[in-house]
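Here the protein sequences come in this chain order: A and B. Note that the working numbering has the first sequence beginning at 6, numbered continuously upward. Note that the working numbering has the second sequence beginning at 275, numbered continuously upward.
Possibly wrong hints are sitting among the right ones.
Claimed, not checked - Taking CB as the label site, the calculated pair distances span:
(1) A/V217 with B/D403: 56 to 62 Å
(2) A/I345 with B/P291: 53 to 59 Å
(3) A/Q413 with B/E418: 51 to 57 Å
(4) B/R382 with A/V217: 32 to 38 Å
(5) B/G340 with A/D76: 52 to 58 Å
(6) A/Q396 with B/D483: 46 to 52 Å
(7) B/A393 with A/E390: 28 to 34 Å
(8) B/R480 with A/E390: 51 to 57 Å
(9) B/N460 with A/R71: 50 to 56 Å
(10) B/E328 with A/C66: 55 to 61 Å
(11) A/I345 with B/L332: 40 to 46 Å
(12) B/K410 with A/D97: 34 to 40 Å
(13) B/L389 with A/I35: 51 to 57 Å
(14) A/I35 with B/E328: 32 to 38 Å
If you're looking for bench data, these hints aren't it; they were derived computationally from the structure. All C-beta atoms, glycine included, are put in the ideal place defined by N, C-alpha and C.
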Amino acid sequence: MTKLLDKQLDSSQPHRRELWQQFKKLPDPISKDQAWRFASTRKYRVGDLTSTENLSKGKLCELSTRSTILDAFSGQAVLAGNQIVGSLILDDETAALGVTLNSLGENPVIESSETLGGDKFQALNGALSKNGIILTVPDHVEVKQPIVIVHWAGSGGSFPQLHVEAGLHARLHLVEIYFSIGDEAGFNVASTRIRARAGSHVSRSVIRNWNVDTTAVHLEHLMVHRDAYLQSTNLNINGGTLRQETVLSVQGQGANADLSSISIAGEGQEFDQRTLQSHEASDSRSDLLFKNALLASGRTIFSGLIKVAPEAQHTDAYQTNRNLLLDPTADANSLPGLEILANDVKCSHGATTGQIDDDQLFYMRSRGINDQLARQLLVFGFFEEVIEKIQLPALESRIREWIETRFQ
Amino acid sequence: MDSLIIDNLNVKIDGKPILKNFCLNIPKGEVHALMGPNGTGKSTLAKVLAGHEEYEILGGSVLLDGIEILGKEPDEISHAGLFLAFQYPLEIPGVSIANFIRAAIESRLCEGESLDAPAYYSRLYEKMDLLQMDRKFTSRSLNEGFSGGEKKRAEILQMAMIEPAYCILDETDSGLDIDALKIVSNGVNIMRSNDRGSLIITHYQRLLDYIVPDVVHVMWDGQIVRSGDKSLALELEKKGYDWVKEELAVTCA
């Protein structure tokens, strides 16, 4: 089954070889497994996948042009498949502050972490990733403009990796954007690791806007240290079958994190999000808000767990999943959970699934707004609560445009 | 032609008759007040006029400048020129006042026509100043977290921007303190014109101290039982709604 990928393994590297063996040994996901409950697991069979081939120079130039999402940025990396497009850019001011943006090239990263069921894919990503991106921000450095990482998926497998380290009291806004090059069916297995050191402030926006034939697994590890703040917003605008695993590890006293998400699932689309808010230190806070809008036969799965360790007293941890069903054939699944081992905490979780409110609709229509537009405004309004968290007006307007396109 | 004519309107909800042969004529240039105790059908009338589909219309007609609006879609009725200021305005999360009113105005443009944004904003600010609304409100989600007074001001702001031919104000005074009442009334008074007719639905006489009506109607059990000039409102205030029940209802029956 995996013979074709076998050829792409650089077997001179023992670590990769080991991960490859792991990948082959681990079973394919099945929906009987609680970690994959409700998921269309068949879609995640790797089968006779090949890695995305290297692109021609002309194609790379074209992608480079299409990658300008923001006018102002402090740094940018563009990747296509497993290849770097052009060069990694940091502006002079940012580079002078000691910020680094590098590629791992052929080198593997020797780090594996807890997954929420996607260990097979973590092994696959580790075995085959090339040109993983490493971004470091030194202590006390504030990166003025966002650092943008754009990834283009072609046909076949891409295995992007992103490692971010924000130093003590550093400030960073990171933007990760995932696109499809064209209509080819891509299989994207990505890994992002972010460490926010003590007192740092990291804001992250992830935009996934693929074609409908893309299958993707994205494993996210977010580590927040003492008194640091991390904001992570996932915008799943388009794609085929997506599995997003977000492990938030609140490791330091007074650490604070906001996780939010929007997913728009239409016909033939499935967005499966699994989250863990793990509180390992006292006086910390995390708040999760995942919102889904579902169109005809669209599917979403949200499975979230808040885990509070015995020593994590005075934890405030919240989790909310809201599903807006825009069609009776849509299917929203919600599995919220709590596991609290400390006795002095504030935790809550809740999931709601509803439709557009008739009274709101009547109110809007009584102002002359037609039914279709009124519904659209209510859906866009439903997303605003999440979009506003990004705090980057230029990106927010791009996101609104992408969302509007989705509803045309 | 220049009139909102409600003729023999009969409306049911859940099998229960609410409006019974209801008749009312509001010519342009006039402000009418509709008073009556709770549960006589005042708010039902307002919602039926605006096109709410929850009600079963048994018969009658509503002509707006000669055009039948009864049974039409709410947005069509709005475009025909009727505006309802809601008793309980809905919260619309994530849609700012500016964008909401903009959508309402744009819905009135002809195909191919586009909104003059700077002109729109200057008009919006002008009306907001009139209603003593902070400009910061333009970017706030409509009615979300607003106080009662702020919601009612936002209703009048929409009305002032849309400039309808006929305004129905459903219990606009409810939930207002005296200062807000003055501001809202001032907004309504400024809109009085020979090209516009208004119906003020209210439970209390106090709003009519600020918006002086041309005609006052008293409603009881689904129909108007007495009409008169503004002194009727004062009489009603003095004698109370029991008077309506005991005397007017009898003459009607």
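Do the hints match the structure? See the list:
For the hinted restraint 56 to 62 Å between A/V217 and B/D403, the CB-CB distance of approximately 49 Å leaves it violated. A hinted range of 53 to 59 Å for the beta carbons of A/I345 and B/P291 is consistent with their spacing of about 56 Å. Checking the proposed 51 to 57 Å range against A/Q413 and B/E418 shows it is violated: the Cβ atoms sit about 27 Å from each other. At about 37 Å, the CB distance of B/R382 to A/V217 agrees with the hint of 32 to 38 Å.
Separation of B/G340 from A/D76 is about 55 Å and conforms to the stated range, judged on CB atoms against 52 to 58 Å. For the pair A/Q396 and B/D483, the beta carbons lie near 48 Å from each other, so the given range of 46 to 52 Å is met. Distance hint for B/A393 and A/E390: a CB-CB separation of about 31 Å, consistent with the stated range 28 to 34 Å. Look at B/R480 against A/E390: about 38 Å separates their beta carbons, and that is not inside 51 to 57 Å.
In this structure the hint that B/N460 and A/R71 lie 50 to 56 Å apart at CB holds, the actual value being about 54 Å. Restraint check, B/E328 to A/C66: a C-beta distance of roughly 59 Å satisfies the suggested window 55 to 61 Å. With their beta carbons about 58 Å apart, A/I345 and B/L332 fall outside the hinted range of 40 to 46 Å. One distance hint, 34 to 40 Å for the beta-carbon pair B/K410 and A/D97, holds here, with the actual separation near 38 Å.
Distance hint check for B/L389 and A/I35: the Cβ-Cβ separation is about 54 Å, which falls inside the suggested range of 51 to 57 Å. One distance hint, 32 to 38 Å for the beta-carbon pair A/I35 and B/E328, is violated here, with the actual separation near 48 Å.
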